[in-house]
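Engineer: What follows is each chain in one-letter form.
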Amino acid sequence: MRRRVVITGVGAVTPLGVGADVLLRRWVAGESGIADGEGACRDFDAAEHLSKKEIRRADRFAHFAMVASDEALAAAGWNGDGEKPYRSERIGCVLATGIGGLGSLEGQHDILRDSGAKAVSPLSVPLFMVNAGAAALSMRHGLRGPAFSVGSACAAGSHAIGTAARMIQTGDADAVITGGAEATLTPLARASFVAAGALSPSGISRPFDARRDGFVMGEGAGILVLEDAERAAERGAPVLGEVRGYASTSDAFHLTATEPEGTYAAAAIEAALRDAALAPAEVDYVNAHGTSTELNDSSETKAIKRVFGEEVARTVPISSTKSAIGHLLGAAGAVEAIATLLAMRERVLPPTVGLEQPDPELDLDYVPLSARPFSPKGERPIALSNSFGFGGHNVVLCLEGVASA
Amino acid sequence: MAIATPEAVEARIVEALASFGPDIDQVTREATFEELDIDSLDLVELAQIVEDDYGVELKGDDMKNLKTVGDAIDLVVARAQ
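Residue numbers (our numbering), protein chains in the order written: chain L, 895 to 1299; chain H, 12 to 92.
Mixed in with the good hints, there may be bad ones.
In silico SDA-like pairs for lysine to any residue, Cα to Cα no more than 20 Å straight-line [what the hints assert, rightly or not]:
1) K947/L with A29/H
2) K946/L with V55/H
3) K70/H with D34/H
4) K946/L with K75/H
5) K78/H with G32/H
6) K70/H with A1011/L
7) K947/L with E45/H
8) K946/L with A27/H
9) K1012/L with V55/H
Far from chain L by the CB rule (all over 10 Å, computed), these chain H residues [claimed, not checked]:
10) R23
11) Q59
12) K75
Partial list, derived from the structure: chain H residues whose beta carbon lies under 7 Å from chain L [stated by the list, open to error]:
13) L52
14) V55
15) E56
16) G71
Hints are computed from structural coordinates only; laboratory data are not their basis. For each residue, glycine too, the CB sits at the ideal point set by N, CA and C.
Work the whole structure out from these sequences, hints included.
Structural biologist: Below you can see the structure in the form of structure tokens.
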């Protein structure tokens, strides 16, 4: 039997604040972290958490990752400076980012253009390389197992968690620090997403609403501590949930557009359920990718119906974290998995904020506007978290929450 | 380009090193780069600053032998003459 993988700590930096609990609390209250058409981490001041040296040696996306990782490791009962519960070579780090240190890259390019090649900082590559976040966490916490970054655009956060879980299942590591980080509220990223027709002209994130017109870009990080369930139990670790299933597929259809019938997204959902040895009817909640683009919300709805069947699909509550914080790109899947785990623990179904005018074509239960109590069918709640990315990448995580206290 | 008087070079180098991380009062002539947690990447940045300000070009081999803040100040002052 393969090893089981539990989540023992989470941490987040999001447009709703610094911390994982504040993310769930404010989302459940129906609040939005989006202002002026963007989900910026306005409450985040790197100087409150990191030294001068740490700040100047890392891009903003890695700052988010470092701060979220401190919270996650503390929650898991890992003393930041002291002994880790595992040999350092047995602790991995798999971190997602969609783009990497884009702000640093743009800044250094400005320097190159304005002042010439000799003025470019020797820190440039370590600032903007996609693995900068994984490297920062490895060094910060002394993680000497496999450490790398995964890139699959907006699906990357979930790919990271799935990859981390597999590393533990196969025995490559006993614990993995995983998640995702992104900080791309930059002129080039804005212009690029506008040019691709993906960004919302209205600046409003309202997934599944008839008036949805694109995604709202956000920034932040979500970090999770994954451990071999047996080893975690031996050390009496706090357990927030289990990674029951993981699967990913690809559309091989279009660079940016999702396959409109959700065929391969559905295949990923089915495979994740198979991996978890669960039937669709056992799912209590779906944390949707729900980007607020015309196409995603439609094809995702079709994918869910395809797997669950029309009748059962209508009974499963679905909501989108992006309605409250926007789209965190490579961090999205990680932050959304964290929000899902906390929602299961608190037995609350967080709402799709801003869903005021239902789209007649989208007729599932998207938990519009207000949170509701979460009544799992079994002792432990079961949720799916969907993530889909530019390039046609589909990733689905099946997460199990904890039994009520 | 600034005049490379020993006082001016010292002030500039201390300011630059402090901007890399250590508190400014830690950055004395006697302080070693190791103590200040100043590594090879920081020294490359320091070399860029020194070249910009004083036209003194420092190569990797020059930097390798620097142990203290005073070593760096003395090297820049000597080269600038």
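Engineer: Now tell me if each hint is right for this structure.
Structural biologist: So, going through the hints one by one against the coordinates:
Restraint check: the Cα-Cα separation between K947/L and A29/H comes to about 10 Å, which is no more than 20 Å; the hinted pair holds. Taking the CA atoms of K946/L and V55/H, the gap is near 18 Å; set against the 20 Å cutoff, the hint holds. A C-alpha spacing of about 26 Å is found between K70/H and D34/H, which places the hinted pair above 20 Å, so the restraint is violated. For the given pair, K946/L sits about 25 Å from K75/H by alpha-carbon distance, which is inconsistent with the 20 Å threshold.
Restraint check: the Cα-Cα separation between K78/H and G32/H comes to about 17 Å, which is no more than 20 Å; the hinted pair holds. Between K70/H and A1011/L, the direct Cα distance comes to roughly 16 Å. Compliance with the 20 Å bound is thereby established for this hinted pair. Pair hint K947/L plus E45/H holds up; C-alpha atoms about 14 Å apart against a cutoff of 20 Å. For the proposed pair K946/L and A27/H, the alpha carbon gap of about 13 Å is at most 20 Å, so the pair holds.
As the CA atoms of K1012/L and V55/H are separated by approximately 11 Å, the hinted pair is consistent with the 20 Å bound. Against the 10 Å criterion, R23/H stays outside the reach of chain L, whose nearest CB is about 17 Å from its own CB. Against the 10 Å criterion, Q59/H falls within the reach of chain L, whose nearest CB is about 7 Å from its own CB. Listed as outside the interface, K75/H is consistent with that label: its C-beta sits roughly 15 Å from the nearest C-beta of chain L, beyond the 10 Å cut-off.
For L52/H, the shortest C-beta to C-beta distance to chain L is roughly 5 Å, which falls under 7 Å, so the interface hint holds. Taking 7 Å as the C-beta cut-off, the interface hint given for V55/H holds, the closest approach to chain L being about 4 Å. Because the closest C-beta pair between E56/H and chain L is about 6 Å apart, less than 7 Å, the hint holds. Interface restraint check for G71/H: the shortest CB-CB distance to chain L comes to about 11 Å, outside 7 Å, so the restraint is violated.
The structure fails to meet hints 3, 4, 11, 16 from the earlier list, while all remaining hints are met.
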